[in-house]
Amino acid sequence: MVIPETEYEEQLYIWLEDFEDPQSKFETFIISDTDLVIIDQPADILFDGSNIGEIALSSNQEIFEMRTNELEFNQFPKNINVPAFIEMNYANNYPFEVGILHKDNFLPSYVRQPLITFIPTYDFLDTVVWNKTYLYIPDATNFFLAQQNLTSTLEFKTLVNKTISGLDWTI
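With our numbering as the guide, the letters of the sequence shown map in order to residues -3 to 167.
Derived from the structure by calculation, the hints contain no laboratory data. The reader is advised that the hints may include incorrect statements.
Unchecked claim - Distance windows between CB atoms, simulated:
no. : residue 1 : residue 2 : range
1   : Asp122    : Ala39     : 18 to 26 Å
2   : Gln7      : Thr123    : 17 to 25 Å
3   : Pro38     : Ile82     : 25 to 33 Å
4   : Asn65     : Phe102    : 33 to 41 Å
Every residue, glycine too, gets a C-beta built ideally from N, C-alpha and C.
Put together the whole structure using the sequences plus the hints.
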């Protein structure tokens, strides 16, 4: 009988946003006209009974972007041989985008690099359900590194972004 075993690599860096702290590790970007709200009820919408971060947009609140503000993200892998992932649980009724932002000594502001657009997560009864994904990110960070002079300082942030018009939706 085969009994598979797995283990974590040594010296992993694990960054967690579980929305259990009063302060989110994400910051709403200045262009947004709505905010991320930490929700702890009703229980039937929570993920595994834990708090969630909710973004609600409407025809009056159409733009949302949040970014990490953690210096640790500047430590993204600089080598494609180093595996790096973003693990994410999400439930949404409208498409949204996740990506990274890049900045170096030669750029006055961050450059957006979208990684994926998530489509709505409906089941066969048209109920929004939770999904899990793993985004493999070394390729995205190496895209920028290949274009850079090795002496430039790199900065990275993760990004969640969506703009709508005339619809009500929630991530």
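Against the structure, the hints come out as follows:
no.: 1; hint: Asp122 <-> Ala39: 18 to 26 Å; verdict: 21 Å, holds
no.: 2; hint: Gln7 <-> Thr123: 17 to 25 Å; verdict: 41 Å, violated
no.: 3; hint: Pro38 <-> Ile82: 25 to 33 Å; verdict: 28 Å, holds
no.: 4; hint: Asn65 <-> Phe102: 33 to 41 Å; verdict: 22 Å, violated
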